[in-house]
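Participant: One letter stands for each residue in the lines below.
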Amino acid sequence: MIEQILKRLLISIPVLFGVLFLGFGLLILVPGDPAIVMAGPTATPEVVAAIRAEMGLDDPVLVQFGNYLGRVLQGDLGRSLISNKTVVSELAAAIGPTAELMFACLIWSVPLGIGLGTLAAVWRGSLVDRAIMAISVAGVSLPIFFICLMMIQYLGVEWRLLPFIGRGGPLWTIDGLRHIALPALSLGAIFIGPVARMTRSSVLEVLKLDHVRTARAKGLSETRVILRHGLRNALIPVVTLIGLQVGYLLGGAVVTESIFSFPGVGRLAVGAILSSDFPLAQGTILVLALGFILINMIVDILYVLLDPRVQA
Amino acid sequence: MKRLLLTAAIVMTGGLAQAAEITILREVDSNNYDPHKTTSRAASEVLFMMGDTLVSLAPDMQTIDTGVAESWSVSEDGTTYTFNLRQDVQFCDGKPMTAEDVVYSINRWVDPETKSPVAWRAGEVESVTAIDDYTVEYKLKKPFSELLYQLTQSFGTIIDKDTVEALGPDFGVTGFNGTGPFCWSEWTPRDQMVISKHEAYDWGASFHANTGPASMDKITWQIVPEENTRTVGVITGQTQVTQYVPYIALEQLKASPGVEVVQSDLAFWTYFMGFKIDKDTVSDPAVRQAINLAVDQAAMSEDLFFGVVQPAYSYVSQEALDWNSDLDDQLLKYDPAEANRILDEAGWARGDDGVRAKDGVRLAPTAYVFAGSTWGKISEAVQAYLREIGVDMQIQAFDATVAWGKLATQEFDMFGMSFPYVSSGDALNLYFRSQNVPSPNRMNWIDDNTDALLLAGATAITDEDRQAAYGEVLEIVHDAAVWLPLYHEPMVIAQSTDLETVVPHNIYGAGLYKGLDLKFRE
Amino acid sequence: MCCSIRGCRHDGPDRSDVCACGDTRPPGQHRGVRPVSVADPEMLDAPEPVEAWWRRLLRDPSALLASLVLLIVVFCALAAPAISPHDPFASSRAIMQPPIWAEGGDWLHPLGTDGQGRDMLSRLFYGTRLTLIIGLVSVGIGGAFGSLMGLLAAFRPGLDPWVMRCVDVMLSFPAILLGLALVAVMGPGALPVIVALAVATVPDCARIARSVAVSVMQQDYIEAGRALGLSNFALFTRYLLRNCISSIMIFLSLRFGQIILIGAALSFLGLGARPPTAELGMMAAQGRDFLLFAPHIAIIPSVLIFVIVLAANVLGDALRDVLDPRLRS
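Going down the list, the sequences are from chains W, B and H.
Counting in my numbering, the first sequence runs from 138 upward without gaps.
Counting in my numbering, the second sequence runs from 544 upward without gaps.
Counting in my numbering, the third sequence runs from 11 upward without gaps.
I should point out that these hints are in silico values taken from the structure, not numbers from a laboratory.
Do not take every clue at face value.
[To be verified] Partial chain W-side listing against chain B, Cβ under 10 Å, derived:
1. S217
2. L218
3. N370
4. T377
Glycine included, C-beta positions come from ideal geometry on N, C-alpha and C.
Let the sequences and hints guide you as you build the complete structure.
Facilitator: Laid out in structure tokens, this is it:
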């Protein structure tokens, strides 16, 4: 098992390099002089020259990449052109809120999705099944921004239930909870569908397995069979799959954060790009990609730990 | 489950404890909060609250009142200003403010090393020295009649030398130390600027209902780029006050319970399009006059801005200090027939496509404007009016981050711009001095007479002299039709009725000025 | 049926019953997980007549409805210049006119006008056009490259580890991140969005293609073909490609909806198509300023996106059921 985990870690090394190279490559790909891009549109020639020297932009690409790696390892991602704050400090402030949002989204959408998926599997082919599946297809077809706008319009404005601007505070404060509610509801709404679908097919599979049939044959009630044997075994793959949907959630989070003025990494990235703040854009994209890899890695390792088939 | 939902609902809808904290919504953030390194309105809004200036400006936009200086005198020749400072002023960190701090602040402002884009606003400084702990002598090379007005701006904010030196490039980025009614708490760029009450503050000018300390414990300036979200933010009480509400929403806001809309008529923020007068297409004054006559500012104000803005025919507000009222009945107003007649007479004949041309020059000027809904609407409306008189204006819009660079080039024939000012002299000196070519004098208006008059106005010692000099400049530039004035933007503030009614200020477009009068109703 | 859970990390909502997450381990690392999406060998030898699956598809009422909707949408997009009642870019003084079903609407602008007085219906036709182009072009290009990579990896086992490592790296950039990165480099516009979405489609498609192709390669008739002396090219196109194409198409049709959604989201954020062109996501973003006064400006384009994506998803599901019956759980 340890061997499996080590193997997984080894595999991620080239991936890590690939991502770092792409992050670095953004600057090479940029049309025009990278020094001018880094310095910003209003910089004087002296500033541009200083940046060129500092970054070694006249060196061969591989040397530049080496330097870039060195800086990244030291936690130096440059300074934002707009605010002059270090990119690292801006990112540090934004990662927490994004993690909170993800958590708040998963905490309600995953149980609900699993519940609906199980119901659909149990009453397979029934009206309930069809309704749940129809809802889940509709859910994955809705544009996330539309959900957000409707949340603001109804829950926020018409019924005055919840605030929709900013973060309010950490998750554990009342104000923080109130502020995160609408973003988390919107983001979760697009996640229920996939979770329900996954659960449904997973539970259906497990119900076909021998020990479940045996349990049924022993005369256990259907509910017990499903809860004790079906759902429990089906959950492992479902939980793993949820981890693998981070990319999908990430896309939703970028939009959700922007619409609700929620100060996370996604909003930071969009703001940086729209204001041509290249160092900050580069930093946010790198961090998002690294986070994505890290979560995938953890999920893979969890999978190794959880799945009995792999241990065999 | 039901009980859980119920509990959740109670948690979610439970209100805040009524601490004296408010959130102010605005559209954009500043790039930093160093008074000498930014010219953005977003910075001024906060700097006025976090810092003080030598003198301050009353809401009538004319009267100079006390700041950290309790009195001042001007020498006969108008070159030496002596400021007597209050002795009870202290910084947010508790350090007492002395003449040394004022000297340091002004010197940093005008020091070429600082590269302040607004150093000229401090006048041509000979020296600023501390006579004693509470007396500052401000010596100019030449008289500068605008000086006291300029010193009220946020660029003249008194800052603490130790903090500036300790923070280096992070001054105004990670921290600040001023003498204003509020102190720096935390800045998250493009998200929030949080400031908190300066407990010791009690030196506000007499025109404030409250001279200190501030009533608010904490103010959060929250960035919300979307118009609609700001509007519904006001309606649902998530912000207590904002001046960034779309005009379209004003009727709705006025009708909303719990919301009050206040408006100031002393709007010194003007939108115009300028002509680069040495370009073939617009070098003929007849063309520029015709364009002025072709545009119906009143209809634009009505259609695009729901009648909230004031149509502009003058280059500065007719309420502004030193406006030349002789020009009032000479201003060019909507008359398309006359416009066509002028162009016909000047020899600009219509081609097959309806566009006028003369000597091979087609009347198709290129206009550079800012991308975004405001200039999008304005420029398209102007474009439509100009088509009526056979002028085919081409619009090119640029994002704000690149627009300023583009607008410093010689590539365009016309440009769209808006600007805040305190007086006619302020506006004229900014835009019409030949040494300000290519930017902000984007018109390439190079005229010795104008330069001489501007100098005379700036160095005038008496009000009459200054008024006469600036009045003459106004006449020259209006006669030459170097701009197409569009509208004066009013100061509109939407606020919660939980707050005492705000008196809108117009200084640099920062409607809440020092924030001293922000107060919850008892 | 058995679907490997491992290595499924496209950033769309998971369709695990489609097995979009095929086993992608290089051959040596198989863990006793059966490859997926194998068509019946009988089907390979004697494909069912085309009419049969069409007919079966049309017997499903939801699929029929979805195809009809998509046909209408595509027609409107193609015929936009001919059927638009107004110039979609010309503004007028009649701003924020309500649609016909609301009070104050009239037939001059059946869907009302937007905040600049432009005809909503005409803009919708043109907007649909650009939205569909972004979706189709990126799915088409990404799908072609991805399939080629996956099929080659299966066809030439020597290439496999290289291709799959490359795919692993590409998978580390979900579509939204690729979009952000490319827009950061190239500036906002439709082109970087198309490129990003195409690139994001490549790795997922390569995985599907490879897992299907690996099992096809194990069939006897490939050996038989070789014995007959068929060239590699002929083997590749006539046997491999033809037998894998339906699974790949099913995957891409399901992918299409997600691509449209991501593209619209990027445009909504101001990172995609630029004004004055019309794109559905951008139109929704423009309508947002008027949500309080004229909600139709934001709602109509959003609902249209929903309808298009829903129809594509329903049709994709139905196609899967019909073309690849073994995938049905």
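Participant: What are the numbers of the hints that this structure violates, sorted from low to high?
Facilitator: 3, 4
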